[in-house]
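One letter stands for each residue in the lines below.
Protein chains: 2
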Amino acid sequence: MRRPFLLLMLAGLLSLPALAAETHDTPTPKELLAQSRPQEWRRPDPANLLDMKLPGGHVLIELAPDFTPLHAANIRTLVREHYFDGLAIVRVQDNFVTQWDDPAADDEDKAHIKPLGGAKKTLPPEYTRAIDPRLEWTPLPDGDVYAPEVGFSEGFPVARDPATGREWITHCYGTVGVARDVDPHSGNGSALYAIIGQAPRGLDRNLAVAGRVIDGMELLSALPRGPAPMGFYTDKAQRVRIESVRLAADLPPAERPRIEVLRTDSATFAKLVEAKRNRHDAFYTVPAGKIDLCSIGVPSRKE
Amino acid sequence: MRRPFLLLMLAGLLSLPALAAETHDTPTPKELLAQSRPQEWRRPDPANLLDMKLPGGHVLIELAPDFTPLHAANIRTLVREHYFDGLAIVRVQDNFVTQWDDPAADDEDKAHIKPLGGAKKTLPPEYTRAIDPRLEWTPLPDGDVYAPEVGFSEGFPVARDPATGREWITHCYGTVGVARDVDPHSGNGSALYAIIGQAPRGLDRNLAVAGRVIDGMELLSALPRGPAPMGFYTDKAQRVRIESVRLAADLPPAERPRIEVLRTDSATFAKLVEAKRNRHDAFYTVPAGKIDLCSIGVPSRKE
Numbered sequence: 001m002r003r004p005f006l007l008l009m010l011a012g013l014l015s016l017p018a019l020a021a022e023t024h025d026t027p028t029p030k031e032l033l034a035q036s037r038p039q040e041w042r043r044p045d046p047a048n049l050l051d052m053k054l055p056g057g058h059v060l061i062e063l064a065p066d067f068t069p070l071h072a073a074n075i076r077t078l079v080r081e082h083y084f085d086g087l088a089i090v091r092v093q094d095n096f097v098t099q100w101d102d103p104a105a106d107d108e109d110k111a112h113i114k115p116l117g118g119a120k121k122t123l124p125p126e127y128t129r130a131i132d133p134r135l136e137w138t139p140l141p142d143g144d145v146y147a148p149e150v151g152f153s154e155g156f157p158v159a160r161d162p163a164t165g166r167e168w169i170t171h172c173y174g175t176v177g178v179a180r181d182v183d184p185h186s187g188n189g190s191a192l193y194a195i196i197g198q199a200p201r202g203l204d205r206n207l208a209v210a211g212r213v214i215d216g217m218e219l220l221s222a223l224p225r226g227p228a229p230m231g232f233y234t235d236k237a238q239r240v241r242i243e244s245v246r247l248a249a250d251l252p253p254a255e256r257p258r259i260e261v262l263r264t265d266s267a268t269f270a271k272l273v274e275a276k277r278n279r280h281d282a283f284y285t286v287p288a289g290k291i292d293l294c295s296i297g298v299p300s301r302k303e
Numbered sequence: 001m002r003r004p005f006l007l008l009m010l011a012g013l014l015s016l017p018a019l020a021a022e023t024h025d026t027p028t029p030k031e032l033l034a035q036s037r038p039q040e041w042r043r044p045d046p047a048n049l050l051d052m053k054l055p056g057g058h059v060l061i062e063l064a065p066d067f068t069p070l071h072a073a074n075i076r077t078l079v080r081e082h083y084f085d086g087l088a089i090v091r092v093q094d095n096f097v098t099q100w101d102d103p104a105a106d107d108e109d110k111a112h113i114k115p116l117g118g119a120k121k122t123l124p125p126e127y128t129r130a131i132d133p134r135l136e137w138t139p140l141p142d143g144d145v146y147a148p149e150v151g152f153s154e155g156f157p158v159a160r161d162p163a164t165g166r167e168w169i170t171h172c173y174g175t176v177g178v179a180r181d182v183d184p185h186s187g188n189g190s191a192l193y194a195i196i197g198q199a200p201r202g203l204d205r206n207l208a209v210a211g212r213v214i215d216g217m218e219l220l221s222a223l224p225r226g227p228a229p230m231g232f233y234t235d236k237a238q239r240v241r242i243e244s245v246r247l248a249a250d251l252p253p254a255e256r257p258r259i260e261v262l263r264t265d266s267a268t269f270a271k272l273v274e275a276k277r278n279r280h281d282a283f284y285t286v287p288a289g290k291i292d293l294c295s296i297g298v299p300s301r302k303e
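Line by line, the protein sequences give chains L and P. If you read the first sequence in UniProt numbering, its first letter stands for residue 1, the second for the next number, and so on. If you read the second sequence in UniProt numbering, its first letter stands for residue 1, the second for the next number, and so on.
Chain L with its partners taken away, still in its complex shape:
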């Protein structure tokens, strides 16, 4: 009784089938993952896997070249030229975004702004793409406030509009977007943000989505919020230095991050979604019977 709320998810930590059978009718997410088959997991393509090293550890980001190919290519160029090394997290706005870019752009002395090297300075927006029936599509059954259809595609939370034939990655917790100026062509991937609060779905179709954080979110979400408007840090010492960003493909195989992501077209993922829609463990009085797109995390695991 003195550790209330603990059992809310404790059932998910119990892996003994006998006990599980006693306390709930349906398997918990933890049990489902334990029962998953190896082929239901995939290793992100090293050409799409970014390893961002911060003082506190590593943030792993999977790029989404099927949705934003020009941005993925430009980010790869920036990474290969070590553009991000020594840049910083400059902005953390509560319940919104953590953003990293060239801090020199925010300082009075703009003489030290880092050049973009071989990367393009402007890019077409790539906010949406034509629906491609060849891409995986795992629809969700409960609708969405913002879009006609939502689901998962290649591990990303995606919305679709059959009327326009377009689809786009949505701004959920952990989504990594391309910061830009007012001009829609001004984004180039040199400034990126990650969503750290309630999904700001109003950003959908207004910004290019570069990918998704698949590990290390807490290194971005638990940072002190900046005191200036929009969460900018006012004291340069508050900024978090980016030690390096590397593409896994550019690392020797032995040094690549060893991480797997659950396939969103797998049977286990479908069961996870259903388990989140209808929790039947003893803690829950009323199963929701519904789930919204951004409340479903795509599991990853380190080897």
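Think of the hints as simulated: they come from the structure by calculation, not from any bench. Please note that a few of the clues may not be correct.
One copy or any two copies: either way a pair holds, since identical chains are not told apart in the list.
What the hints assert, rightly or not - Listed next, the in silico DMTMM-like pairs over lysine to aspartate or glutamate satisfying Cα-Cα at most 20 Å (straight line):
| # | residue 1 | residue 2 |
| --- | --- | --- |
| 1 | K302 | E40 |
| 2 | K290 | D142 |
| 3 | K114 | D215 |
| 4 | K30 | E81 |
| 5 | K276 | D94 |
| 6 | K53 | D250 |
| 7 | K290 | E149 |
| 8 | K236 | D45 |
| 9 | K271 | E243 |
| 10 | K30 | D94 |
| 11 | K302 | D106 |
| 12 | K53 | E255 |
| 13 | K302 | D94 |
| 14 | K120 | E274 |
| 15 | K271 | D183 |
| 16 | K110 | E149 |
| 17 | K271 | D132 |
| 18 | K30 | E260 |
| 19 | K290 | E303 |
| 20 | K121 | E81 |
| 21 | K276 | D235 |
Given chain L, work out where chain P should sit, using these hints.
For chain P alone, coordinates are given in the frame of chain L:
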């Protein structure tokens, strides 16, 4: 160009009407708040206003006695007996909750568990209440994945089901809930949590909601995540000590927090919701035309 994403909300910071007229068709939230009338703001009833003092500052919580009267009364008793003074934040789970309670309950030596004094050890659940037409009701127009109707009532995000005649405060960012054990009667207000991520709406109707954080969220949301399952801190030194929790009504008037909350039945709040639904400033290519309940923050301001 070198401070991309900045202008996403910069338009909201510009208060010059002339410039505003040049850059967008509709007023920004910042402009709307600047134009609000004094009577559109309310001071929370001091009997419902908690002031939690942490090492980093004050978190202000407004209780919701019209929704959870027995819990509000029990929490007032606990606060008046200084129950929370010296307790701690024991758990921070990324994209979910920050929880505070008696840390002695988590330690091996349970001899030092603080007694509840005059407060009740168990309470009826109070997960939902009968819809009361006398309470303010400001409905939202865009639907909801989880409930037949959603809107705001007395400053709180609320869902309703006309079929059952019930309504309940929803688990949005900043909602403060009553932790409990499996037994629905085991919650008593001595352990509380605040939502710090994507709204976990599956908790709705399964936990009593005590109220909402109206100031100081970043003191709860930016804390280091705990390494143990469910975000519990493993090292006692990681816990954040609660210096005190006081009811504003118990403080001399001069020492009470001076904070106002925008009335959710005000014309300005309606305009804010519309401005979030359809952003017309130059940054946005496609206005969402929709807004979900938990993406609408209720503004507060300190005097």
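Hints, verified against the model:
Taking CA atoms no more than 20 Å apart as the test, K302 paired with E40 passes inside one copy only; the shortest distance there is 15 Å, against 52 Å between copies. For the identical chains of this complex, K290 and D142 are neighbours both inside a copy (6 Å) and across copies (17 Å), given an alpha-carbon limit of 20 Å. For the homomeric pair K114 and D215, neither the shortest alpha-carbon distance inside one copy (28 Å) nor that between copies (38 Å) is at most 20 Å. Proximity of K30 to E81 under the C-alpha cut-off of 20 Å is found in neither arrangement, the shortest distances being 41 Å within a copy and 40 Å between copies.
When the C-alpha separation of K276 and D94 is checked against a cutoff of 20 Å, the pair qualifies only between copies, where the shortest distance is 17 Å, while the shortest distance within a copy is 26 Å. In this homomeric assembly, K53 and D250 come within 20 Å of each other (Cα to Cα) only inside a single copy, at 15 Å, whereas the closest approach across copies is 49 Å. In the homo-oligomer, the alpha carbons of K290 and E149 lie at most 20 Å apart both inside one protomer (15 Å) and across protomers (14 Å), since each shortest distance falls under that limit. Within a single copy, K236 and D45 get their C-alpha atoms no closer than 36 Å, and across copies no closer than 40 Å, so neither meets the 20 Å cut-off.
In the homo-oligomer, the alpha carbons of K271 and E243 never lie at most 20 Å apart, since the shortest distance is 39 Å inside one protomer and 44 Å across protomers. Taking CA atoms no more than 20 Å apart as the test, K30 paired with D94 passes between copies only; the shortest distance there is 17 Å, against 30 Å inside one copy. In this assembly of identical chains, the alpha carbons of K302 and D106 never lie at most 20 Å apart, being 36 Å within a copy and 29 Å across copies at closest. In this homomeric assembly, K53 and E255 come within 20 Å of each other (Cα to Cα) only inside a single copy, at 13 Å, whereas the closest approach across copies is 46 Å.
In the homo-oligomer, the alpha carbons of K302 and D94 lie at most 20 Å apart only across protomers (18 Å), although the nearest pairing inside one protomer, at 28 Å, exceeds that limit. With identical chains, the CA atoms of K120 and E274 are never at most 20 Å apart, being 43 Å at best within one copy and 37 Å at best between copies. In the homo-oligomer, the alpha carbons of K271 and D183 never lie at most 20 Å apart, since the shortest distance is 43 Å inside one protomer and 27 Å across protomers. In this assembly of identical chains, K110 and E149 lie within 20 Å of each other by CA distance neither inside one copy nor across copies; the values are 45 Å within and 51 Å between.
Within a single copy, K271 and D132 get their C-alpha atoms no closer than 25 Å, and across copies no closer than 38 Å, so neither meets the 20 Å cut-off. In this assembly of identical chains, K30 and E260 lie within 20 Å of each other by CA distance solely inside one copy; the values are 16 Å within and 43 Å between copies. Taking the closest pair of Cα atoms, K290 and E303 never come within 20 Å of each other, the shortest separation being 32 Å inside a single copy and 41 Å across copies. In this assembly of identical chains, K121 and E81 lie within 20 Å of each other by CA distance solely inside one copy; the values are 15 Å within and 62 Å between copies.
Within a single copy, K276 and D235 get their C-alpha atoms no closer than 42 Å, and across copies no closer than 31 Å, so neither meets the 20 Å cut-off.
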